[in-house]
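Read off the chains here:
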Amino acid sequence: MTLLKDLTMVDWARAQFALTAMYHWLFIPLTLGLSWLLAFFETFYVKTGHEEWKRITKFWMMLFGINFAIAVGTSIILAFEFGTNWSNFAWMAGDIFGSLLAAAGIFAFFLASGFAVMLFGWDRVSKKTHLFATWMVALGSNLSALWILVANAWMQHPVGVAFNPDKTRFEMQNFREVLLSPVAISKFTHATSSSFLVASLFVLAVSSWFLLKGCHTDIAKKSILVAAIFGLLSSIFVGITGNQSAYLNAKHQPMKLAASEGLYDGEKGARLVAAGILNPEKRPGDDSSPFLHEIKIPGLLSLLANREPGSFVPGINDLVYGNREQTIMGIDKKIEKGKIAVELLSQYKTAKKEKNETRAKISLANFKKYEEYLGFGYLQNPEEAVPPIGLTFYSFHIMVTLGALFPVIFLLYLYYTYQDSIAEKKWLLRFGLFSLFLGYVAGQAGWIVAEVGRQPWAIQNILPVSVARSNLTTGTLQTTFFLFLFLFTVLLIAEIRIMLKQIQIGPETPRED
Amino acid sequence: MFDSFSLVQLQQLWWIIVSTIGALFVFLSFVQGGQSLLNSVAKNDLEKSLVINSLGRKWLLTFTALILFGTTLFAAFPLFYATSFGGAYWVWTSILFTFVLQAVSFEFRKKPGNLLGAGTYERFLFFNGTMGILLIGVVLATFFSGSSFQQDDYNLVLWQHPMRGLEAGLHLFNVALGLFLVFLSRTLGALYLLNNIDFRLDLVKDMEKRLRKAAVANLTASTPFLLYFMVGLLTREGFAVIPQTGTVFMESGKYLQNLEAMPGVLAMLAAGLLLVIFGALSARRASSTSGIWFSGFGSFLVTLALFLTAGLNNSAFYPSHFDLNSSLSIYNGSSSYYTLTAMSYIGLAIPVVLAYIVYCWRKMDKEKLSTGEVSDFTAKEIY
Numbered sequence: 032m033t034l035l036k037d038l039t040m041v042d043w044a045r046a047q048f049a050l051t052a053m054y055h056w057l058f059i060p061l062t063l064g065l066s067w068l069l070a071f072f073e074t075f076y077v078k079t080g081h082e083e084w085k086r087i088t089k090f091w092m093m094l095f096g097i098n099f100a101i102a103v104g105t106s107i108i109l110a111f112e113f114g115t116n117w118s119n120f121a122w123m124a125g126d127i128f129g130s131l132l133a134a135a136g137i138f139a140f141f142l143a144s145g146f147a148v149m150l151f152g153w154d155r156v157s158k159k160t161h162l163f164a165t166w167m168v169a170l171g172s173n174l175s176a177l178w179i180l181v182a183n184a185w186m187q188h189p190v191g192v193a194f195n196p197d198k199t200r201f202e203m204q205n206f207r208e209v210l211l212s213p214v215a216i217s218k219f220t221h222a223t224s225s226s227f228l229v230a231s232l233f234v235l236a237v238s239s240w241f242l243l244k245g246c247h248t249d250i251a252k253k254s255i256l257v258a259a260i261f262g263l264l265s266s267i268f269v270g271i272t273g274n275q276s277a278y279l280n281a282k283h284q285p286m287k288l289a290a291s292e293g294l295y296d297g298e299k300g301a302r303l304v305a306a307g308i309l310n311p312e313k314r315p316g317d318d319s320s321p322f323l324h325e326i327k328i329p330g331l332l333s334l335l336a337n338r339e340p341g342s343f344v345p346g347i348n349d350l351v352y353g354n355r356e357q358t359i360m361g362i363d364k365k366i367e368k369g370k371i372a373v374e375l376l377s378q379y380k381t382a383k384k385e386k387n388e389t390r391a392k393i394s395l396a397n398f399k400k401y402e403e404y405l406g407f408g409y410l411q412n413p414e415e416a417v418p419p420i421g422l423t424f425y426s427f428h429i430m431v432t433l434g435a436l437f438p439v440i441f442l443l444y445l446y447y448t449y450q451d452s453i454a455e456k457k458w459l460l461r462f463g464l465f466s467l468f469l470g471y472v473a474g475q476a477g478w479i480v481a482e483v484g485r486q487p488w489a490i491q492n493i494l495p496v497s498v499a500r501s502n503l504t505t506g507t508l509q510t511t512f513f514l515f516l517f518l519f520t521v522l523l524i525a526e527i528r529i530m531l532k533q534i535q536i537g538p539e540t541p542r543e544d
Numbered sequence: 258m259f260d261s262f263s264l265v266q267l268q269q270l271w272w273i274i275v276s277t278i279g280a281l282f283v284f285l286s287f288v289q290g291g292q293s294l295l296n297s298v299a300k301n302d303l304e305k306s307l308v309i310n311s312l313g314r315k316w317l318l319t320f321t322a323l324i325l326f327g328t329t330l331f332a333a334f335p336l337f338y339a340t341s342f343g344g345a346y347w348v349w350t351s352i353l354f355t356f357v358l359q360a361v362s363f364e365f366r367k368k369p370g371n372l373l374g375a376g377t378y379e380r381f382l383f384f385n386g387t388m389g390i391l392l393i394g395v396v397l398a399t400f401f402s403g404s405s406f407q408q409d410d411y412n413l414v415l416w417q418h419p420m421r422g423l424e425a426g427l428h429l430f431n432v433a434l435g436l437f438l439v440f441l442s443r444t445l446g447a448l449y450l451l452n453n454i455d456f457r458l459d460l461v462k463d464m465e466k467r468l469r470k471a472a473v474a475n476l477t478a479s480t481p482f483l484l485y486f487m488v489g490l491l492t493r494e495g496f497a498v499i500p501q502t503g504t505v506f507m508e509s510g511k512y513l514q515n516l517e518a519m520p521g522v523l524a525m526l527a528a529g530l531l532l533v534i535f536g537a538l539s540a541r542r543a544s545s546t547s548g549i550w551f552s553g554f555g556s557f558l559v560t561l562a563l564f565l566t567a568g569l570n571n572s573a574f575y576p577s578h579f580d581l582n583s584s585l586s587i588y589n590g591s592s593s594y595y596t597l598t599a600m601s602y603i604g605l606a607i608p609v610v611l612a613y614i615v616y617c618w619r620k621m622d623k624e625k626l627s628t629g630e631v632s633d634f635t636a637k638e639i640y
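In order, the protein sequence lines correspond to chains D and A. Residue numbers 32 to 544, in my numbering, belong to the letters of the first sequence in order. Residue numbers 258 to 640, in my numbering, belong to the letters of the second sequence in order.
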């Protein structure tokens, strides 16, 4: 196993993967969330028999279809990039990761089967069959997401596996542990509920535009009512699962939490940064102040991280250089042990190749003592274990701030809808339009925290990206990066234009019999 | 249930499952075939709309089948996934590129404000229907002809050719399978459209004739490539593996021997070819619309037989001609016993999913797609 010293290639591989994932996540939240809203709208139609609910369902379904096409297009690239860009990862983690991805593929078929019925089956199948297909699309897309998010959670917190030195890979030992890990549950619930939130904002935004223009008012009001309830419940759930996510970060990815908070020196009763500007000159281990300006709330970070306001939360310096008082082993020590593990693994491999069973046995026994540090053996220096702090910190705070704002928006919509005065609240309708953009920003920021915040690890503490890479050249990756950037951007522009046009055209007008 | 299986049995089971999904994809590639036929069989907007809307109701199945094929390979044979995708980077990236274009084209083509115009999206569909399938065929042929890679002591791949997989296109044997699949998909596409569209109106009678002609013409065009590939396959040296030691060696007539050793697979291949021919030729009869079921099932059997020939009977299914012992077989490329067992339980969902697909298909295709349905330009649920 060779470590790539020139990280340029790895950085381009990361950039390409991030590009695909970020574009993908522009379309997925709407797919996951809107599919449920479609199921709700259509259920109302089937239950009440009112044609207006059918028109509502068909209108949002048409927008769903436009978004879905590009969501599917980006999904195939993302699924296969685990192999193209990260082939060493694909081998070393394939025993676990591959099975989760395959399960996602199987459930995606449910979605694929029902999709045509849902979109084109209005006059071909019975009402109930159509409704069933719509529910199956919602269930299929979310079940498919479940497996992908479990796979992502496993990369954040690898459980239920053991390293096989003969095959040089991690092998699954306990499927249930992988599937039901607290991180997996938190990841799934947080990502899906945030998607429901974005979809609700989408419905609010489009409906608000109708109300501002004074057209399709009945449809808009009905859509707002359903979306505001769904959005409010989702946004509350996002808050609860986000809190759980921070707690689990503290347990399993303390570096991510420290970077998210710009916390360099750990403290008891740690303060949560409500708002702040980072000192760009600050580096781990130096004496400069981490912030240029900050507003902190005492004890809140400790409460968030450990459920105890007076407890100790480690900072970046504690994690990198160690903290004897808190019995935290520094990355420098872990690197030392990791390098021994790398050397012993190599000795074991050589001994096996030379059929020297005695030497192999000794090397393996020694390797087992250092095995848990193997991944650290591929780091060059302790500071390499620190993720980009600025990006993680600001993304985290943008996400949290917006996350606190969304329930208020939904509540206001709900209140004025209940008062039947929503159409007159132009300020809220305009803000509702803008809030869709904020929803997407929050979603992207959340994934930046999750993924950038765990760098340099492809699999937390086990496999750094410099080892997980494929054996490609920088030029190859640069070419495909720009190729995909161009393609996705053109398709995104086309999608937005089509969406806007279809919104302008609006729902079908009722037939006059 | 699966806990009583041995590792080898699980490896074989998963090779059969992966092969079945691959074969299903080839059957469903009638969508790509139909896409590539668009401009030659549809001569006006109404005809184009019929073709696009007929195919548009199935494209996602083909697309998902490809994803499922890739991901089940990843799950069951991760070393293949790592080696082929990470190694043959350019050929896979090119294939995926064509499928991204396909994914948006049905939905975007006729929508106002689509930025690129309907013609561009139709060219995307043609590109996916031809290049996408051609390249997939070329990659599949390397299961028999081999690729240029080496595994290091840690099972990490080092690709040995600067064209990163596209070099497979320089060999006629590989290209022959690719072209066969292109023409086969066009045959299937024509047969599917004949089955799915209502041709009772005079307005579309000409398109029906063109489709009937296309089914036979494309079958005829595929024949030399099929023959070239089959003769090459049955006469060439194959990559044999000794399961106990993992040693790979060249064996003359290996794939012919595989078929002799697995008469069921040989029968599948022969029956499949006959069914493909019978289905396509049935299109000559003016009343026949069921050719797709014969040719479709036939192409499924042929592909399944080819996959089983590549992977079973102690063969290396992804061989390396650069370093024989880096070749991948179902023995050295598979997941662990635990994962294969766990996956087998998850795989029990596959029949349920297939049943739901059949259910939806039957419901949707109970009535053929009519001109009335696609000429209602106020309807929002047409492509």
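These are calculated hints, taken from the structure and not from any lab test. Among the hints, erroneous ones may be present.
Here are the simulated DSS-like cross-link-like pairs (lysine-lysine), alpha carbons at most 27 angstroms apart as the crow flies [to be verified]:
(1) Lys-89(D) with Lys-315(A)
(2) Lys-392(D) with Lys-198(D)
(3) Lys-158(D) with Lys-466(A)
(4) Lys-315(A) with Lys-625(A)
(5) Lys-620(A) with Lys-78(D)
(6) Lys-383(D) with Lys-399(D)
(7) Lys-470(A) with Lys-89(D)
(8) Lys-158(D) with Lys-625(A)
(9) Lys-159(D) with Lys-315(A)
(10) Lys-158(D) with Lys-623(A)
(11) Lys-305(A) with Lys-78(D)
(12) Lys-89(D) with Lys-367(A)
(13) Lys-89(D) with Lys-625(A)
(14) Lys-532(D) with Lys-315(A)
(15) Lys-89(D) with Lys-620(A)
(16) Lys-305(A) with Lys-532(D)
(17) Lys-89(D) with Lys-252(D)
Structure-based check of all given hints:
For the hint pairing Lys-89(D) with Lys-315(A), the CA-to-CA distance comes to about 20 angstroms; that is within 27 angstroms, so the pair holds. Pair hint Lys-392(D) plus Lys-198(D) holds up; C-alpha atoms about 16 angstroms apart against a cutoff of 27 angstroms. Straight-line distance between C-alpha atoms of Lys-158(D) and Lys-466(A) comes to about 36 angstroms, which puts the hinted pair past the 27 angstroms bound. Simply put, Lys-315(A) and Lys-625(A) have alpha-carbon atoms about 14 angstroms apart, close enough for the 27 angstroms limit, and the pair holds.
Taking the CA atoms of Lys-620(A) and Lys-78(D), the gap is near 22 angstroms; set against the 27 angstroms cutoff, the hint holds. A C-alpha spacing of about 16 angstroms is found between Lys-383(D) and Lys-399(D), which places the hinted pair at or below 27 angstroms, so the restraint holds. Proposed proximity of Lys-470(A) and Lys-89(D) is contradicted: the alpha carbons are some 39 angstroms apart, above 27 angstroms. Taking the CA atoms of Lys-158(D) and Lys-625(A), the gap is near 19 angstroms; set against the 27 angstroms cutoff, the hint holds.
Of the supplied pair hints, the one linking Lys-159(D) and Lys-315(A) holds, its CA atoms being roughly 22 angstroms apart against a limit of 27 angstroms. For the suggested pair Lys-158(D) and Lys-623(A), the alpha carbons sit about 16 angstroms apart, so the restraint of at most 27 angstroms is met. A C-alpha spacing of about 38 angstroms is found between Lys-305(A) and Lys-78(D), which places the hinted pair above 27 angstroms, so the restraint is violated. The suggested pairing of Lys-89(D) with Lys-367(A) holds, with an alpha-carbon distance near 18 angstroms, which does not exceed 27 angstroms.
A distance of roughly 22 angstroms separates the Cα atoms of Lys-89(D) and Lys-625(A); the hinted pair therefore holds under the 27 angstroms criterion. For the hint linking Lys-532(D) to Lys-315(A), the alpha-carbon distance of about 26 angstroms falls within 27 angstroms, and the restraint holds. Restraint check: the Cα-Cα separation between Lys-89(D) and Lys-620(A) comes to about 20 angstroms, which is no more than 27 angstroms; the hinted pair holds. A C-alpha spacing of about 23 angstroms is found between Lys-305(A) and Lys-532(D), which places the hinted pair at or below 27 angstroms, so the restraint holds.
Taken as a hint, the Lys-89(D) and Lys-252(D) pair is honoured in the structure, with Cα atoms around 16 angstroms apart against an allowance of 27 angstroms.
Of the numbered hints stated above, those contradicted by the structure are hints 3, 7, 11, listed in ascending order.
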